[in-house]
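Protein chains: 6
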Amino acid sequence: MKPKFSHLDERGQARMVDVSGKPVQYRRALATGALRCAPATLRLLKKNALPKGDVLAVARVAGIQAAKRTAELIPLCHPLPLQQVSVDFVVKADRVLIEATALTVGQTGVEMEALTAVSVAALTLYDMMKAVDKGMVIDGVTLKLKEKR
Amino acid sequence: MKPKFSHLDERGQARMVDVSGKPVQYRRALATGALRCAPATLRLLKKNALPKGDVLAVARVAGIQAAKRTAELIPLCHPLPLQQVSVDFVVKADRVLIEATALTVGQTGVEMEALTAVSVAALTLYDMMKAVDKGMVIDGVTLKLKEKR
Amino acid sequence: MKPKFSHLDERGQARMVDVSGKPVQYRRALATGALRCAPATLRLLKKNALPKGDVLAVARVAGIQAAKRTAELIPLCHPLPLQQVSVDFVVKADRVLIEATALTVGQTGVEMEALTAVSVAALTLYDMMKAVDKGMVIDGVTLKLKEKR
Amino acid sequence: MKPKFSHLDERGQARMVDVSGKPVQYRRALATGALRCAPATLRLLKKNALPKGDVLAVARVAGIQAAKRTAELIPLCHPLPLQQVSVDFVVKADRVLIEATALTVGQTGVEMEALTAVSVAALTLYDMMKAVDKGMVIDGVTLKLKEKR
Amino acid sequence: MKPKFSHLDERGQARMVDVSGKPVQYRRALATGALRCAPATLRLLKKNALPKGDVLAVARVAGIQAAKRTAELIPLCHPLPLQQVSVDFVVKADRVLIEATALTVGQTGVEMEALTAVSVAALTLYDMMKAVDKGMVIDGVTLKLKEKR
Amino acid sequence: MKPKFSHLDERGQARMVDVSGKPVQYRRALATGALRCAPATLRLLKKNALPKGDVLAVARVAGIQAAKRTAELIPLCHPLPLQQVSVDFVVKADRVLIEATALTVGQTGVEMEALTAVSVAALTLYDMMKAVDKGMVIDGVTLKLKEKR
Numbered sequence: 000m001k002p003k004f005s006h007l008d009e010r011g012q013a014r015m016v017d018v019s020g021k022p023v024q025y026r027r028a029l030a031t032g033a034l035r036c037a038p039a040t041l042r043l044l045k046k047n048a049l050p051k052g053d054v055l056a057v058a059r060v061a062g063i064q065a066a067k068r069t070a071e072l073i074p075l076c077h078p079l080p081l082q083q084v085s086v087d088f089v090v091k092a093d094r095v096l097i098e099a100t101a102l103t104v105g106q107t108g109v110e111m112e113a114l115t116a117v118s119v120a121a122l123t124l125y126d127m128m129k130a131v132d133k134g135m136v137i138d139g140v141t142l143k144l145k146e147k148r
Numbered sequence: 000m001k002p003k004f005s006h007l008d009e010r011g012q013a014r015m016v017d018v019s020g021k022p023v024q025y026r027r028a029l030a031t032g033a034l035r036c037a038p039a040t041l042r043l044l045k046k047n048a049l050p051k052g053d054v055l056a057v058a059r060v061a062g063i064q065a066a067k068r069t070a071e072l073i074p075l076c077h078p079l080p081l082q083q084v085s086v087d088f089v090v091k092a093d094r095v096l097i098e099a100t101a102l103t104v105g106q107t108g109v110e111m112e113a114l115t116a117v118s119v120a121a122l123t124l125y126d127m128m129k130a131v132d133k134g135m136v137i138d139g140v141t142l143k144l145k146e147k148r
Numbered sequence: 000m001k002p003k004f005s006h007l008d009e010r011g012q013a014r015m016v017d018v019s020g021k022p023v024q025y026r027r028a029l030a031t032g033a034l035r036c037a038p039a040t041l042r043l044l045k046k047n048a049l050p051k052g053d054v055l056a057v058a059r060v061a062g063i064q065a066a067k068r069t070a071e072l073i074p075l076c077h078p079l080p081l082q083q084v085s086v087d088f089v090v091k092a093d094r095v096l097i098e099a100t101a102l103t104v105g106q107t108g109v110e111m112e113a114l115t116a117v118s119v120a121a122l123t124l125y126d127m128m129k130a131v132d133k134g135m136v137i138d139g140v141t142l143k144l145k146e147k148r
Numbered sequence: 000m001k002p003k004f005s006h007l008d009e010r011g012q013a014r015m016v017d018v019s020g021k022p023v024q025y026r027r028a029l030a031t032g033a034l035r036c037a038p039a040t041l042r043l044l045k046k047n048a049l050p051k052g053d054v055l056a057v058a059r060v061a062g063i064q065a066a067k068r069t070a071e072l073i074p075l076c077h078p079l080p081l082q083q084v085s086v087d088f089v090v091k092a093d094r095v096l097i098e099a100t101a102l103t104v105g106q107t108g109v110e111m112e113a114l115t116a117v118s119v120a121a122l123t124l125y126d127m128m129k130a131v132d133k134g135m136v137i138d139g140v141t142l143k144l145k146e147k148r
Numbered sequence: 000m001k002p003k004f005s006h007l008d009e010r011g012q013a014r015m016v017d018v019s020g021k022p023v024q025y026r027r028a029l030a031t032g033a034l035r036c037a038p039a040t041l042r043l044l045k046k047n048a049l050p051k052g053d054v055l056a057v058a059r060v061a062g063i064q065a066a067k068r069t070a071e072l073i074p075l076c077h078p079l080p081l082q083q084v085s086v087d088f089v090v091k092a093d094r095v096l097i098e099a100t101a102l103t104v105g106q107t108g109v110e111m112e113a114l115t116a117v118s119v120a121a122l123t124l125y126d127m128m129k130a131v132d133k134g135m136v137i138d139g140v141t142l143k144l145k146e147k148r
Numbered sequence: 000m001k002p003k004f005s006h007l008d009e010r011g012q013a014r015m016v017d018v019s020g021k022p023v024q025y026r027r028a029l030a031t032g033a034l035r036c037a038p039a040t041l042r043l044l045k046k047n048a049l050p051k052g053d054v055l056a057v058a059r060v061a062g063i064q065a066a067k068r069t070a071e072l073i074p075l076c077h078p079l080p081l082q083q084v085s086v087d088f089v090v091k092a093d094r095v096l097i098e099a100t101a102l103t104v105g106q107t108g109v110e111m112e113a114l115t116a117v118s119v120a121a122l123t124l125y126d127m128m129k130a131v132d133k134g135m136v137i138d139g140v141t142l143k144l145k146e147k148r
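Residue numbers (numbering that gives the first Met the number 0), protein chains in the order written: chain Z, 0 to 148; chain H, 0 to 148; chain C, 0 to 148; chain Y, 0 to 148; chain R, 0 to 148; chain B, 0 to 148.
Fair warning: there could be bad hints in the mix.
Note that identical chains are pooled: a pair holds if it fits in a single copy or bridges any two copies.
[Stated by the list, open to error] Each computed BS3-like pair below joins lysine-lysine, with the alpha-carbon atoms no more than 30 Å apart:
1. K3 / K45
2. K91 / K21
3. K147 / K21
4. K21 / K3
5. K133 / K91
6. K133 / K145
7. K147 / K133
8. K91 / K3
9. K46 / K21
10. K145 / K46
No lab work stands behind these hints, which were simulated from the structure alone.
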């Protein structure tokens, strides 16, 4: 059997895959990514973030809300119930590491929800810090873990 | 004057910046990024993409639509008219390069719109190709150009 | 000059057309359509609609709200301010006529907004009446007038 | 028993019907419609569509995405999981035929999802071809099949 | 055990609570609230509302639609199927009483859906009556009943 | 001239008012409201809020984002550019006071945007504190100031 793109039918046309025959299972995904910044930006973030938390809290909320809208953003994604979403940050010397988990009890995996949460959290950090840093880069957005049981 | 995050007020609280005093100007932004994939995935993409175009067309539409929803996704972004958005792809041996431009005649820049278009186009490609490639990474999402006149 | 689709670039790829060079003008569009129904359905609608108006009011609200979301629904439409939207109905013997107007002071026309309002108002009527009529058809959705000045 | 509109309560007021007592079943709907165009427009569509597919691919994506947002557009529709959505086109001499299917395993049917997909796909085609054809009409949007098991 | 906010993790960070271990149950909530107005406004509302019903019908639709979007508006709410939503009004001498019920068969309660329906119905009434009454106040928005079985 | 509801036409039907003839002006609105809670809840909020700020930051973001979606939530509101939105909290002994400002340079006022921000911020606080306090009430949501120049 040849490898093929599941979202294309036999004529090469886009479609939402039929998942009605798949079992309802506990499915969890963990995605990560990073926003690379100048060290001075991150020192400023740490100074602002520790007393009040607003910068990271805003980015966390944005990531969680984006996960819930994944099926609106990614055209061929299925709308899914989400039993849990979380977004975490680690501020390193030259980057903010971002980690998101999503969890469903459903018929398809939630890797796109976790990846979307990471991407939108990174974009939100970028937006809030762009006045002081013109050279930021979002890097390494990828899936770390996908499990079902 | 000390550098500061424009989206935090003097108490460190998040806010939408007041842009009512800024001039209405032609503003354009260009962002880029890449989805790194296995070469076999990209050979498959090229084979599927060339006759029908659905894979790249779906990702292009997703990026354009996401640009229009930037203010919903990024909490402190201003809602903006958008006079033009475009998303382009170049399929290389080991990655798909993604480039997006956004254009407004308004009071704030559109870098977040261009970056959001790149990110969501990348996520959409990831979604359509994930059945054949488990190791893809979104990399190098950054602003290349921002102009106003 | 050959006729061409404005939403395709020279490579045949979809794009949002650049309207930044177009003048800001008063632009209005009027679209119409009809939901064809069994006469018994329309007698029931008239009986229900006259005292309370909820059926037509719900469809009117749905059409107005859809007009405001046209740029989210139609991928290559520009987001626009809308200065006015209205949706009207005439209940005939075998159909409900639907008429919608949209008005902007902007750089592109609002025919898609008016057509979207008609279509979603028709779908909403269909939804509310489908329990009693299995053979309804949405017909004749078209633009009647487009003006700018 | 007299026929009545299920979305009106005994006082004639709109409501979302209570479906909590209905069985979770496999439910599928198929809707069709057409965009009537000038023959010259369709010759242009075929010429553009065959090499790149962007016009039809954009309309297909728009229809699929609209199906997922049916409960936002149609006020009294229930939010539903959707296990599959597809949109297909046949380009005839004087019209584009549009066919959409929607599938859920849930407590209510998906005819509105299929009809919404057809309508928004038709509107999207209209938008992309309106620069070359001022007389297009959306016609015959109706339900062809509804099944549950 | 000390009382704690369920939406904060052990580090005080916001999260969507994991509800995957909770049973799927029939859950219903009833919320109420009021829009306090000048008596003259309410006499005008009654005069307008009784023949046509549009004012209350528009507010009812707005409340029902908002209930369906609760998870988009309230960042840490779970997306939920909703089997039923209703919004009712009683026009008193100095206020409009608003009552909303929401019903799910799911893993979390629907009190936020009912409260959101009341709040948005009140805001919609406010919007439609603000031209004649500058002193309206939304008051007493609270949960009256929450049940599961 | 008799007072009348501006959102009803001469037949009592809902409509979006035509604002195309109104001048583009600087318009600002300030709305307030309160979430009444048990004193123990507020002591817990203060303890949690001060070190990390996540509870209030989440509610602030939710209010700002809701202001941007006012025209989607309130059916007859006009979509508007928003040049600034802010949401503030004061934690009192028995309530959280909420204050929101919205600002546009446009053709209609932004009181609904400010009131929507207050309401959704209050609902978000309610959601996060409902596990420890079953008797909270949203009260006194009203417009404090509306100016144009």
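Please flag the earlier hints that this structure goes against, numbers listed from lowest up. Violated hint (a single one): 2; every other hint is consistent with the structure.
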